Each structure stands twice: as C-alpha cells, then as structure tokens.
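K.L.:
Knowing the structure of chain W, use the given hints to seat chain F on it.
Protein sequence lines correspond, in order, to chains W and F.
Mapping the first sequence onto UniProt numbering, position 123 (from 1) lands on 123, and the numbers just tick up by one.
Mapping the second sequence onto UniProt numbering, position 190 (from 1) lands on 190, and the numbers just tick up by one.
Think of the hints as simulated: they come from the structure by calculation, not from any bench.
These numbers were taken from a predicted model, which means no experiment stands behind them.
Each residue gets a CB set at the ideal place from its N, CA and C atoms; glycine is no exception.
There could be a bad hint or two in this list.
The calculated lysine-lysine pairs, modelled on DSSO-like cross-linking and capped at a C-alpha distance of 30 Å, are [stated by the list, open to error]: (1) F/K27 x W/K343; (2) F/K343 x W/K343; (3) W/K311 x W/K262; (4) W/K262 x F/K343; (5) W/K73 x F/K423; (6) W/K88 x F/K343; (7) W/K262 x W/K274.
Listed next, the stretches of chain W that the computed footprint assigns to chain F, with coverage defined by at least 3 CB atoms under 8 Å from CB atoms of chain F [to be verified]: (8) 351-359; (9) 370-384.
Just a few of them, taken from the derived set where beta-carbon distance is under 7 Å, the chain F residues facing chain W [what the hints assert, rightly or not]: (10) A19; (11) S21; (12) I236; (13) P239; (14) D243; (15) H326; (16) R352; (17) F359; (18) W360; (19) N361; (20) F366; (21) S406; (22) Q408; (23) H422.
There are 2 protein chains.
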Amino acid sequence: MTILNRAQEARKASLILAAVSSDLKNKALEAMAAALEDSKAEIIQANREDYRRSEKADLPGPLLKRLIFEDEKISQVIEGIRSLVSMKDPVGETQMARELSPGLDLYRISCPIGVVGIIFESRPDALVQISSLCLKSGNALLLKGGSEAAETNRVLSRIIHDSTVKAGLPSGWIQLVETRSDVNDMFRLNEYIDLLIPRGSNSFVKYIMENSSIPVLGHSDGICHIYIHDDADLQIINPIVLDSKTQYVAACNSVETLLVHKKIASSVLPGLQKVLEEKSVELVGCDRCREIIDVAPASEEDWSTEYVDYKLSIKIVDSLDDAVQHINSFGSGHTDAILTASKECSSAFMARVDASSVFWNCSTRFSDGFRYGFGAEIGVSTSKIHARGPVGMEGLMIYKYKLLGSGQTVASFSTGENEYTHKPLEENLQSDK
Amino acid sequence: MTILNRAQEARKASLILAAVSSDLKNKALEAMAAALEDSKAEIIQANREDYRRSEKADLPGPLLKRLIFEDEKISQVIEGIRSLVSMKDPVGETQMARELSPGLDLYRISCPIGVVGIIFESRPDALVQISSLCLKSGNALLLKGGSEAAETNRVLSRIIHDSTVKAGLPSGWIQLVETRSDVNDMFRLNEYIDLLIPRGSNSFVKYIMENSSIPVLGHSDGICHIYIHDDADLQIINPIVLDSKTQYVAACNSVETLLVHKKIASSVLPGLQKVLEEKSVELVGCDRCREIIDVAPASEEDWSTEYVDYKLSIKIVDSLDDAVQHINSFGSGHTDAILTASKECSSAFMARVDASSVFWNCSTRFSDGFRYGFGAEIGVSTSKIHARGPVGMEGLMIYKYKLLGSGQTVASFSTGENEYTHKPLEENLQSDK
Numbered sequence: 001m002t003i004l005n006r007a008q009e010a011r012k013a014s015l016i017l018a019a020v021s022s023d024l025k026n027k028a029l030e031a032m033a034a035a036l037e038d039s040k041a042e043i044i045q046a047n048r049e050d051y052r053r054s055e056k057a058d059l060p061g062p063l064l065k066r067l068i069f070e071d072e073k074i075s076q077v078i079e080g081i082r083s084l085v086s087m088k089d090p091v092g093e094t095q096m097a098r099e100l101s102p103g104l105d106l107y108r109i110s111c112p113i114g115v116v117g118i119i120f121e122s123r124p125d126a127l128v129q130i131s132s133l134c135l136k137s138g139n140a141l142l143l144k145g146g147s148e149a150a151e152t153n154r155v156l157s158r159i160i161h162d163s164t165v166k167a168g169l170p171s172g173w174i175q176l177v178e179t180r181s182d183v184n185d186m187f188r189l190n191e192y193i194d195l196l197i198p199r200g201s202n203s204f205v206k207y208i209m210e211n212s213s214i215p216v217l218g219h220s221d222g223i224c225h226i227y228i229h230d231d232a233d234l235q236i237i238n239p240i241v242l243d244s245k246t247q248y249v250a251a252c253n254s255v256e257t258l259l260v261h262k263k264i265a266s267s268v269l270p271g272l273q274k275v276l277e278e279k280s281v282e283l284v285g286c287d288r289c290r291e292i293i294d295v296a297p298a299s300e301e302d303w304s305t306e307y308v309d310y311k312l313s314i315k316i317v318d319s320l321d322d323a324v325q326h327i328n329s330f331g332s333g334h335t336d337a338i339l340t341a342s343k344e345c346s347s348a349f350m351a352r353v354d355a356s357s358v359f360w361n362c363s364t365r366f367s368d369g370f371r372y373g374f375g376a377e378i379g380v381s382t383s384k385i386h387a388r389g390p391v392g393m394e395g396l397m398i399y400k401y402k403l404l405g406s407g408q409t410v411a412s413f414s415t416g417e418n419e420y421t422h423k424p425l426e427e428n429l430q431s432d433k
Numbered sequence: 001m002t003i004l005n006r007a008q009e010a011r012k013a014s015l016i017l018a019a020v021s022s023d024l025k026n027k028a029l030e031a032m033a034a035a036l037e038d039s040k041a042e043i044i045q046a047n048r049e050d051y052r053r054s055e056k057a058d059l060p061g062p063l064l065k066r067l068i069f070e071d072e073k074i075s076q077v078i079e080g081i082r083s084l085v086s087m088k089d090p091v092g093e094t095q096m097a098r099e100l101s102p103g104l105d106l107y108r109i110s111c112p113i114g115v116v117g118i119i120f121e122s123r124p125d126a127l128v129q130i131s132s133l134c135l136k137s138g139n140a141l142l143l144k145g146g147s148e149a150a151e152t153n154r155v156l157s158r159i160i161h162d163s164t165v166k167a168g169l170p171s172g173w174i175q176l177v178e179t180r181s182d183v184n185d186m187f188r189l190n191e192y193i194d195l196l197i198p199r200g201s202n203s204f205v206k207y208i209m210e211n212s213s214i215p216v217l218g219h220s221d222g223i224c225h226i227y228i229h230d231d232a233d234l235q236i237i238n239p240i241v242l243d244s245k246t247q248y249v250a251a252c253n254s255v256e257t258l259l260v261h262k263k264i265a266s267s268v269l270p271g272l273q274k275v276l277e278e279k280s281v282e283l284v285g286c287d288r289c290r291e292i293i294d295v296a297p298a299s300e301e302d303w304s305t306e307y308v309d310y311k312l313s314i315k316i317v318d319s320l321d322d323a324v325q326h327i328n329s330f331g332s333g334h335t336d337a338i339l340t341a342s343k344e345c346s347s348a349f350m351a352r353v354d355a356s357s358v359f360w361n362c363s364t365r366f367s368d369g370f371r372y373g374f375g376a377e378i379g380v381s382t383s384k385i386h387a388r389g390p391v392g393m394e395g396l397m398i399y400k401y402k403l404l405g406s407g408q409t410v411a412s413f414s415t416g417e418n419e420y421t422h423k424p425l426e427e428n429l430q431s432d433k
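So here's chain W without its partners, still in its complex pose:
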C-alpha cells in the first residue's frame, strides 16, 4: 500500500471512529491491554532484536537505553491504557448551547480532529501511549517510529490494530509508516492528515515545521529562563535554580539562562556558583557577571542555545524590563520564571513574557502535563494557536456546531417575521439527540 492509500484508509476509518460509542472505545482499550499482556514474550523478543542491531550500529548509550521495552515498561503502558478506560470520553461534550430563535437551537459539541500523523524517535512506549490516547479521543493515526525500534514498532502496531479491530473498531484506524520517503510524502497529504505531532529532536521538529503545510503541534526549542529580581527571597534561589538546571538536564523544561538583577547579583552569584559547580554545571557569564564570579565568557550565541546539558549561561540585567526584553528576544516561548517577593512584579513579568508557561517562585521543571494534572501528555507545544504548553488529550479535540431547527429559513429573519433571541440554553445536547 502506498502512503497515499494508507492515509486515505486512515481518513475513512476516522470518519467511523468519530461516531463510535464510548463503550466500544473502552472495550477496544481493554482488548488492546489484554493483547499486549498476552504478547509480552513476542514483544520482548522483537525488542531484543532491535537492541542487538542498534548496539552493533553503535547507537549512543542514552538512545539504546530508551529503546529497551521489557516486562516492567510493558506493564506500565498496559496500566496506562487501563487508566484511560475510566476517564471520561472527551467526545460529545457540549461546550456551548444557545437558542438562536425559538425552535432553532445551536450546540457546540467536542469531536475528534480526524487523522493525526505522529512521528517519534526511539521509545516504543510512546507508540502504545499515543495509540491509546488517539483511540480514546476518536482519532485515527499514522505512526512513524524510529528505525532503531523497527521490529518492536511493527509487532506493537500489529497487536494494537488487530486486537482493537476485533473488538469492533474500523480497520485501518492505526497505520504504521516505515520508510523515510513515506514520511516525507506524508507531509504533503494535507487533504487526509489534519495534524502532525512530532516527538523528537529539535532539528527534526524544525525540519517538519518548515517542510509541511499540515499544522504541527510541538516545540523545536526549550530555551527556558529564570529571572532573579532584586527583592527575591534568598532562601529559595539556590534550590530553584539547582532544580531547574540539574533535576533532569535533558528535559526541554530545564533552565538554560539565568538573568540576575544587578542589585542582587553580588549577593547571590557566589553562592549559586558554589552549588551549581558542585553538581558539575559549567557556567558562562556576561562581562558584568564575570566581575563577580570567575566563569568563562558567554558569547552572543549562548543566549539562544538550548544546552540540554550541565551548562548554564548567566546575564546581569538592569531591570525587570530588561529581563522581559531578553526573554522575548532569545526565549523559545516554552517556560520562563521570575523569583521575586513582589506580587506586582510577578504579575507584570507573567503578563509580558510571551511564553506558554510563566512561573513565579518555582522550578521551570514543573512545566509538564503530568505535573499539571492532565493525566496524559500528547506533547509540549510552543505554537501560538490551538493548544499551547503541556498538551493533554484536549489537543486532539476540536468541535462542530450542531443546529437543530424546525423548518427555519434565513429569509424569514430578514423580513422580520422571525427574530434572533441568542439566549443561553440550559440543557446539554444528549449524544443520542
């Protein structure tokens, strides 16, 4: 099957999936969980094959580690699927109900987006997690996993497809895309694919954003800042900066640049240097910073670099205004924090920094779907439309308008025979209505 055929089949399945009952979707999720449970041995065997091949191909250690999908991880994703069963169906919610005129009622009802294209790197658990979220939200999907996990992905997608179709879902609702050329062709199928969600390296996401006319939900950079205002509570500075930088350096929400108000710089930088260097964090600083602590000079490039490593750039600023300006110039709109004792200053900072998450007196590492309490996270988005920040299942949803009439014509409103009332309606639209 060509990628065009696959996309067409996914689109066809999506139209059925959009109207499937909550019960059937939950039944399919249960079937998926049971089938994965039953096929553990097969999955592990495929995964070990991938591992051996990747090891031979000298895949870097961290990627090799993320590739492993054995007993405990499989049990975790199965648990994740089962927890989705008990969640409320996001399809069919009444978001607005309005009487346009007596007997002419307008409802805005949540519905799935349609067909989602998901491209992710090595982690096979992502495949299961994403498939189950798409299923629960009624979206069909085209999946492209990393080639290092080819065998595992093939086995997983077959098990997921077959078990759920047997449970009653439309055939072809989940499709595995395997070749790089198919992925490139996929970017042009905007007639069939409604949204792309890339989960991978920054350069990879950037490439997709620039090469597809299909909307993309994702983030290419996570250049996060902490600004320490002159009245910041000294007790919280070190723990928060340390946590933001070192709690998990590879995360997109870890801090890359520290901005320090000139008035407080000499009292906080020496202590910060000590605790950060104890954790092997390499520091680079602006000229004024280097007058206070002995660190390497920061280049202009440092301000727009996402280290994803034990490295932090430090700049001294004259004011909150300067900090905001620096962040809006060099930041990536991901997560930026202010440390200050003043509610007014925090409020100004949070209103004026253009980022999906703006924090006051806490670690940038909180910027995450699980910590925000979204249950599942589709990804983090730095886009300015649809969904921004950590995105839960609502990122896979859109709505449609349903207008229920009794013979009304627009002409009868032009002539004055009928009049618009535009009154809110109390009742929700029942899904059987």
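P.N.:
Coordinates of chain F only, in the frame set by chain W:
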C-alpha cells in the same frame, strides 16, 4: 521599511499590546471611532479615487459595488467599533484554576495570539472591522487589502494607527502591506507572524494555504449539501432548499448539492424543480434524478464544484449512509444539513458528517457568526484545529499557563517530601495578580 522590519515592529508592539489594560484598549477604540468620524470627507475622497481608477480598469460590477465606502457604511463601521467598547475584554480570563500542591497554584489565562496577518479583497469596511477586533483582543496586525482599494486602505490605516497610538497604544501595532511581493515574503515570516487570516476568493485562500508555513484560518471552499431523508416533512422542504440556494447565492454557506432519498424523490423533485426554476436556478441531476424531472445531466465534476451562482446539482441516494458518504467525499467541511422527521436519523447524520456545521431541518444559510450570535465574525474556518466554523473573537485568542509558587522544586516531589493534590481552585486569577 522592508516587510521584515514591519513584521518585527508588529511583533514588538504585540508584546506591549498583550499586556495593555482594558481601559486603554477601550479608550483607543473610542479614539479610533472619533477619528474616523472626523475624517469622513477625506475617506470618501480617497474611496472615490479608488472607484474611478477601478472603473477605468474595468473591475467587474459586483467588485466595484463592494469597493464603495461612503457615509452610511462609514457610520456603520464606527457603530461597530463603539459596540466593541462595551464588550468584555477577552484577555485575562481564567479558563482553569488548579492547586498542584498547597501553595503551588496553576492558572490557564486567555491571552492574544500575537501578530496576525490579514489579507482581504476589495471591501474597505473589512479593514476597520478587523483592526478593531485585533485591538480589542490585543493582537498586532499586518494588513494587506485589495489594490483596487489602495487609497482608501492607506487613509484608513493611517487614521487608525495615528489615533490609537495617540491614545496610548504602541506604535506599529497595525501595519499596512502594499505590494504583492511583500505579501509573498510575509508568508515566510513565521518567526514574527503567528496566524494568517485570508478573506477572499477560494483560489486565493488555497494559494496561501499551500504557500505558507504560518497557520491559516479560513476556508477555501463552501460546498454545502442538503440531504432530504425519506421521512422529511414535506412542508419544510421547498422553503429550506429555496432559502439555502437563493437567499444569497454568492455566500459560502449557500447549498450546491441536493441529495434526495430514492423513496421520496418522485414526490418532492417536481415541486422543487418548479420553485427553483421560478427563481432561475439551473438544475443538473444524476441519471435517476433525470428519470423524474427533465434537467441537464450532472457530470462527476459537478459534485465538487462550488457554483456560487444560481445553479444546483441533484443526486438520488439509496440511504442516509450513502448521503453521509457522498458528503464526506465531496463536501468541503463547511455546512451540511439533513431534513428528516427522525431525531435518530438527524443524530446519526450530525455525528458522522465531518463538517464544521451540521444542521437539522433548517437552512444552510444560518452558518454565520452574526446569526450564531458571536457579535463579530473573523471568518469561517474549515480547518480542523484551533477554531472551526464561524469564528468570533475567540479565534484571535490563545492562553498561557501561570504557575504561582512559594519556592517549590520538582525534586521535593520525587523524594516524596511533597505531593501533588491536583485540586480545582475556586478563585480566578485577578488580572493584577
């Protein structure tokens, strides 16, 4: 100034505009209205110049007519601006409030998208309407109007810019783009422009969707359907079809294809033919339709043609399923209606037809922001993300997450020292917070 400089200036202004108070925005709207009032003579003079030039250049009649912007129309847009003043500020609304842990509170707050690029054809009233909506919602904008209205647009954008900046808005928040090459360059400025809203011909919108990596809010086609089920109330058929087709044929929400259940075809088609032909509607039909009424044959192409004219294609279908399938294959996801006495059938139709608006027993012409009670309409979107259907001011909005802490680190949650509570919070985040 190059288009890049203009976009950068708009971006800079947007960062200030996003945090401007409701009072200042309303003051600026009042100033805009007053300045337009005071400059009526100048506007009319510029508009007459455009009209004379366009008339000489043989601009088609309907476009010439849309170009006219004189006393009454100017008064109407001024009234529109003033009605915006009394509307609630869409910026700063609390959409979600959740305690992540005691003393660590998460808020989701509405905010402007940022910089919007708007490209529209001849109607100068659109310029004023769009500028005032962007102002109220805190968005900066780059505007490109039709060249036929060049003089009018130049005068209007100058008056709007100068009066609002004098009232306190950041300079450069609204910028006029004048040349075609600047518009093409604009499509590549995704670093500075967050959303494109084209209002114009289908081919024009399609061109933009295919040639820009900036998200587009709009619709390229309006191929709307009415499906007459076998149990439809005979009384409502003719009025609804007539209204949907002829109440305003140039509208994107007028019907282009009629689908009729085979069981009811012979009893409804002759009457429909009579009333439609009385209104000079040209009919084309499938073979089975032509066995009942004497109309020209419909070609395969007819099913995917938006006539925007006194023409209607008719197809006989075997079932509701067939009707749904036809619509999902040939429709444009704009507006599709079913006429049926059965709640169950209407419910199945509305769940399964993939369109932004799905109607039961009423005219497709109701698909419109004003009729839906949205006050102002930014446009109609057939996109599957962000905003769909008639889009009011909420289409210009996104949100940011604000997290208010008191020294929390993520590490303290990993160690079990702190725990996530994820409790809903009662209070809204005050805008001064």
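K.L.:
With reference to the structure, classify each hint as holding or not holding.
P.N.:
Against the structure, the hints come out as follows:
Between F/K27 and W/K343 the alpha-carbon distance is near 27 Å, which keeps this suggested pair within the 30 Å criterion. A hinted pair counts as satisfied when its Cα atoms are at most 30 Å apart, and F/K343 with W/K343 does not qualify at roughly 54 Å. For the hint pairing W/K311 with W/K262, the CA-to-CA distance comes to about 22 Å; that is within 30 Å, so the pair holds. Distance check on the hinted pair: W/K262 and F/K343 sit about 69 Å apart at the alpha-carbon level, beyond 30 Å; violated.
Straight-line distance between C-alpha atoms of W/K73 and F/K423 comes to about 29 Å, which keeps the hinted pair within the 30 Å bound. Between the alpha carbons of W/K88 and F/K343 the distance comes to roughly 25 Å, so the proposed pair stays at or under 30 Å and holds. The hinted pair formed by W/K262 and W/K274 meets the criterion: a straight-line CA distance of about 19 Å does not exceed 30 Å. Proximity of the region 351-359 of chain W to chain F, defined as three or more residues with a beta carbon under 8 Å from a beta carbon of that chain, is established by the 8 residues found.
With 5 residues having a Cβ less than 8 Å from any Cβ of chain F, the region 370-384 of chain W passes the three-residue criterion, so the hint holds. The criterion of a C-beta within 7 Å of any C-beta in chain W is met by F/A19, whose closest approach is roughly 4 Å, and the hint holds. A distance limit of 7 Å between C-beta atoms decides the matter here; for F/S21 the minimum to chain W is near 10 Å, and the interface restraint is violated. Among the interface hints, the one on F/I236 holds; its C-beta lies about 4 Å from the nearest C-beta in chain W, closer than the 7 Å criterion.
For the restraint placing F/P239 at the interface with chain W, the shortest Cβ-Cβ distance is roughly 5 Å, inside the 7 Å limit, so the hint holds. Evaluation of the F/D243 hint against chain W yields a held restraint, the C-beta minimum of about 4 Å falling below 7 Å. A hinted interface residue such as F/H326 counts as satisfied when its beta carbon comes closer than 7 Å to some beta carbon of chain W; here the least separation is about 12 Å, so the hint is violated. The closest approach between the C-beta of F/R352 and any C-beta of chain W is roughly 5 Å, which is under the 7 Å cut-off, so the hint is satisfied.
The restraint placing F/F359 at the interface with chain W holds, with a minimum CB-CB distance near 5 Å, inside the 7 Å limit. Interface hint status for F/W360: upheld, as the beta-carbon distance to the closest one in chain W is roughly 5 Å, under 7 Å. For F/N361, the suggested interface contact is upheld, since its CB lies about 5 Å from the closest CB of chain W, less than 7 Å. Among the interface hints, the one on F/F366 holds; its C-beta lies about 6 Å from the nearest C-beta in chain W, closer than the 7 Å criterion.
Interface hint at F/S406: satisfied, since its Cβ lies 6 Å from the closest Cβ of chain W, which is below the 7 Å cut-off. Interface restraint check for F/Q408: the shortest CB-CB distance to chain W comes to about 4 Å, inside 7 Å, so the restraint holds. Interface restraint check: F/H422 against chain W, minimum CB-CB distance 4 Å, threshold 7 Å, status holds.
Against the hints set out earlier in the document, violations occur for numbers 2, 4, 11 and 15.
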